[in-house]
Amino acid sequence: MRRVLTSLAILFAAGTALAHGPTPQKIDQTITIRATPDAVWKVVGPFGGIGAWHPDVAKVEATGGDGAGAVRKVTLKRGGTLVEGLDEWKGAERTYSYRMSDPDLDALPVSSYSATLTVTPDGEGAKVEWMGRFYRGDTGNEPPENLSDAAGKEAMNRYFSEGLKGLKAKLESGPQR
Amino acid sequence: MRRARRLFGLAGLALAVGPADAGSVWVASQQGARASRIERPDGAPAAEVAVAPSPAVVAAGPGGRLYLSHPDGRAITVIAADGPTLQWPVPGQPFGLAADPGWRFLYVGDWSGNRVLRLSAETVAAAAEVAVGPDPAGLTLGANGRLYVAEREGRSVGVVDTARMVRIAGIPVGDGPFALAHDPVRDRVYVANVRSNDLTVIDAGALKPVATLPVGASPYGVAVSPDGRRVVVTNQHAGTVSIVDADTLTVAATVPVGRYPEGVAILEGLAYVANWFSDDVSVVDLAARTETGRIPVPEGPRTLVAAQTAPVSAEAGG
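Those protein sequence lines, which keep their order, are chains A and B. Just so we're aligned: 12 in my numbering is position 12 of the first sequence, and the numbers increase by one with no gaps anywhere. Just so we're aligned: 1061 in my numbering is position 61 of the second sequence, and the numbers increase by one with no gaps anywhere.
Be a bit skeptical, because a hint or two may be false.
Partial list, computed: chain B residues near chain A (C-beta under 10 Å) [as the list claims (entries may be wrong)]: (1) Q1031; (2) S1054; (3) D1072; (4) G1092; (5) Q1093; (6) F1095; (7) A1217; (8) F1277; (9) G1300; (10) R1302.
Distance windows between CB atoms, simulated [unchecked claim]: (11) D106(A) x A1252(B): 41 to 49 Å; (12) A68(A) x G1145(B): 36 to 44 Å; (13) G49(A) x V1185(B): 43 to 51 Å; (14) D66(A) x G1293(B): 30 to 38 Å; (15) D28(A) x V1166(B): 42 to 50 Å.
Take a look, some chain B residues computed to stay more than 12 Å from chain A by CB distance [as the list claims (entries may be wrong)]: (16) R1040; (17) A1044; (18) T1250.
Honestly, the hints are just simulated from the structure, not real lab data. Please read all numbers here as calculations on a predicted model, not as lab measurements. All C-beta atoms in this analysis are idealised placements derived from N, C-alpha and C, irrespective of residue type, glycine included.
Bound-form chain B, shown alone (with noise of 0.2 Å):
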C-alpha cells in the first residue's frame, strides 16, 4: 500500500511536467503487478501504478479510466482519473474487458464461468449477466450494442446483443480463438486464432466469415488502425507481428519484435506490442514496417490499451 502510494507521487510528478492530454499507451504487467503508461515511443515509462497480483487485461473506460483484470484474484482494479487504485471483487475468473463508449457499463467475461457480466461502470456493480461459449477470452463492442467474444474452446465468435443480454449468434471461426478488435469503419471482427494460426475475418452486418488469412504461429492480439486500414496480429510463438492490409486482405509485412509478443495497440500509426517474456514493449511503425524501439516495462507485460485521455492527473499524487 505504501508502495502503491509513492509509486502514485511519481506518475503525480512525471504526467505534470509531460503532455497532459496526449495519447498515451498503458501496459499491464502480469508478474510485475504494475500498470504502466508509455508517453513517446522512444522513452521509457512515464509513469507506473501498484495494482493487485497478476492483472491480465487491461481496458480504457470513461473520462481517463483504467480497468484491469484479475482471473487468479476475483477481481477488477479501477485506476480512477482523478483517485486513488480502487479494487473490487467479481466473482469467477474475469479476464477479458470491454468498456462501453456511453460510459455506463463495464462488461467482463468469466473464463471459468462461460459468461460475460455487465458491471455497472460507475460502482463495478454486477447488473446483469449472459452465458456464452466455452472459455470466453477476449471482448470487443462493435455497432449496435453488440458484444463480440472469442470463445476459445468452442471456435466460435458469440454475439451479444447487450441490450437485452442475448446471445443471438455464434459465428464458427479457426481454432482456439483467443483475442479479437473490432474496426468501425468497414463494420468488421477481427479474430486471432491460437490454434489454427489465422485471422478470422467477420462480417459483422452479416454475422458471418467472409475470409480467413493464414498468420504466423500462435496469433495471440489484434489491433485496428483507426482508420480501418491496417490490422495488426501479434504472433506469440513466432515472435513477430503481421501487418495486415484491410483492403486486399492480404498480410503486407511480417516484422520480428521481442519474445512472446501478446497484446498490441495502436496509436500515431505506431503499434505497440506487449512481449511477455521479454518484459518490453517493441514499437512498429506501420507506415516503415519496422521495429523502431523496445521499451523495459515491469515483468510479464500481456495486454496494452491506447488511451486519449491521461487516467491519472497531478492530484493523484497526494
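Here chain A stands alone, though its shape is the one from the complex (with noise of 0.2 Å):
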C-alpha cells in the first residue's frame, strides 16, 4: 500500500494523501429476495460468511465471530483482500456495520469506506440493502483515471450489487425458502 502511494506520489506529484480529506461519495443498493427475513438473515448475517453468498470472494479469514471489534479477511477472486472490522451486530434487528481496516487498491479502487447491510420484511419476503460512505483511491487533488471518484463509485457499485445478486440467487434457488 506505502509502495502504491509512494509511486503514486512520484507519477503524479500530486500530493496524495494517506486518508481522506475530500468529498465522501454514498452507495446504497437494495434487492427484495424471496424468502422470509429471517431465513434471508441466516445467511447473510454472520460477518465471517459473506464467502457463503458473494460471488466475487475467494475466500474468508475471520476472527471474532459476530462481536464488535471482529475481523473479516476477503481475498476476492479477481485479487487483493478486503480487510473488515465489525462495528456494530444486531441480530434482532437483523442489522450489522463493518468498516475498511487497511486500504488494498488492488480489491477496490477506494481510501476508506463503511457500510451498513441491514434485512427488513417485504410483503411475503425480504428486502436487503446494503449503503455505506466511501471516499476514492487518490484523495489529491489530481487523481488518476484508475483512483477517481466515478472509478470508485463504479467498483463499489459493481461490489455490492453482485453481492446481493449472489445473495438473491442463493436464496432463491435453494430447497430452503
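Please assemble the complex out of the two chains, which come individually in their own frames, going by the hints.
What follows is the structure, encoded as C-alpha cells:
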C-alpha cells in the first residue's frame, strides 16, 4: 500500500493523502428476495460468512465471530484482500455495520469505506439494503482516472450489486425458502 | 452565477420577514453545493446560498461573515454580511477552518500539505503558515491565542501558538482524531477519535489528556454547550449522538438521529446535527435528550455552525 502511494506521488506529483480529505461518496443498493427475513438473515447475517453468498469472494479468514471488533479478511477472486472490522451487529434488528481497516487498491479502488447491511420484511419476502460511504482511491486533488470518484463509485456499486445478486440467487434457488 | 443571484434574492426576501438578529445555524451541503440557514428548529431552511462545488467545512467569521472550505477546489468561499458570495483561491487542500474572535485572521488546515495557513480575514490573503502533524482535520481556537489541530494520522492534537505561528506541543489522543471543540468555561478541548470510537478530554492549560470516554462508532463531530455543561458527539457510523455530562465526564444519553451524522452545532439548548447520508438536519433537545425534528437540506450536509448575527442581509437581494 505504502509502495503504491509512493509511486503514485512520484508519477503524478499531486500530493496524495494517506487518508481522506475530499468528498465522501454515497452507495445505497437494495434487492428484494423471495424468502423470509429470518431465512435471509441466517445466510447474510454471520459477519465471517460473506464467502457463502458473495460470488466475488474466493476466501474469508474471520476472527471474533459477530462481536464488535471482529475482523474478516476477504480475498477476492480477481485479486486483492479487503480487511474489514465489525462495528455493530444487531441480530434482533437483522443489521450489521463494518468498516475498512486498511485500503487495498487492488481489491477496490477506494481509500476508506464504511457500510451497513440490513434485512427488513417486504410483503411475503425480504428486502436487503447494503449502504455505505467511501472516498476515492487517491484523495489528492488530481487523482488518476483509475482512482477517481467515478472509478470508486463504479467499483463499489459493482461489488455491492454482485453481492446482492449472489445472495438472491442462493436463497431463491436453494431447497429452503 | 445566475442561479446564485436568484438564491440570494430568495435569501434576502426570507430574511426581510424573519428575526434579523436572532441566532441561526448554517449548514454546508457538500454534494448540493449550498449553504443553508436554519432559523427555526421546526421549519425548512430560511435561506440558501449557492456556492462552488463540494464545500466541506463552514465557519462563522467577523460581522456575520461565513467561510466555507473547498478541499477539492483549492478555494475558500466567503459569504459577506452585506455583499455577494466571493471565492478566494487557497493553496493546497483547505479543509478545517477557525476564525479568530479578534476578527483578524482565518486559520485554514491544508489536509494533504500537513500545515495550517493563517489568512487575513479581510482579504483571505495567506500571511503565514505552520507545519503540523499528518492530515490536519478539525481546527479550534482556545485561550491565549492557541489553536488546536486534530492531526488525524498522528493520533495527536497539535497546539499552535498563533502569536508566533509555532507548534508548541503535540498531545497524544485516540486513533483517528477528526473533530474537536474548545470549552472556554473549563478550558478543555474535547476530541472525537474516529477509529478508536472514543472522546479524549484535554486540559488545555496543562496541555495534557485527562480522560478518555468510549462513545459510539466513528465519532465524527463534537460541540460544547455555551455553559460548558454538555458535550455532544455525533457517532457517524452508529447513527446516534452521545450527550456527555462535562461535570462527571460520563455519557448521559445516546440519542438516535439520521444516517451518517457528521457535524454538530448547539444553539439555545438544541443540538443541530448534519445527517450526511439522509440529507437532513436532526434537532436534538439536550434537556429532554430526544430528537424533536428533522429538517431537509440540500444533498450531503457535513458541517454546521451556530451564528449569532445574520450573515446575509436584505440588501444582498439586489
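Reported absence of A1044(B) from the contact zone with chain A (all CB gaps over 12 Å) = Check passes; 22 Å lies beyond 12 Å.
Let me know if the C-beta of Q1031(B) comes in closer than 10 Å to any C-beta of chain A, holds or violated.
-> OK, holds: Q1031(B) within 10 Å of chain A, min 7 Å.
Chain A contact restraint for S1054(B) - C-beta distance below 10 Å = holds, 5 Å
Does the hinted range 36 to 44 Å hold for A68(A) and G1145(B) at CB?
-> holds, 41 Å
May I ask you to test the hint 43 to 51 Å on the CB atoms belonging to G49(A) and V1185(B)?
-> Holds, at about 50 Å.
Satisfaction of the G1300(B) interface hint, Cβ to chain A closer than 10 Å | This interface hint holds because 8 Å falls under the 10 Å limit.
Is the interface hint for F1277(B) satisfied, with its Cβ closer than 10 Å to some Cβ of chain A?
-> holds, 6 Å
Verdict on R1040(B) as a residue remote from chain A, using beta-carbon distances over 12 Å | The claim holds: R1040(B) sits with its nearest Cβ about 28 Å from chain A, beyond 12 Å.
Does the CB of G1092(B) sit less than 10 Å away from some CB of chain A?
-> holds, 8 Å
Evaluate the condition: distance from the CB of T1250(B) to the nearest CB of chain A exceeds 12 Å.
-> holds, 20 Å
Given A1217(B) was flagged as interface, is its beta-carbon under 10 Å from a beta-carbon of chain A?
-> Result: holds, 4 Å to nearest chain A Cβ.
Would you check whether Q1093(B) satisfies its interface hint, that is, whether its CB is within less than 10 Å of any CB in chain A?
-> The hint holds - Q1093(B) has a Cβ within 10 Å of chain A, the shortest such distance being about 5 Å.
Comparing the model with each earlier hint shows no violations; every hint is respected.
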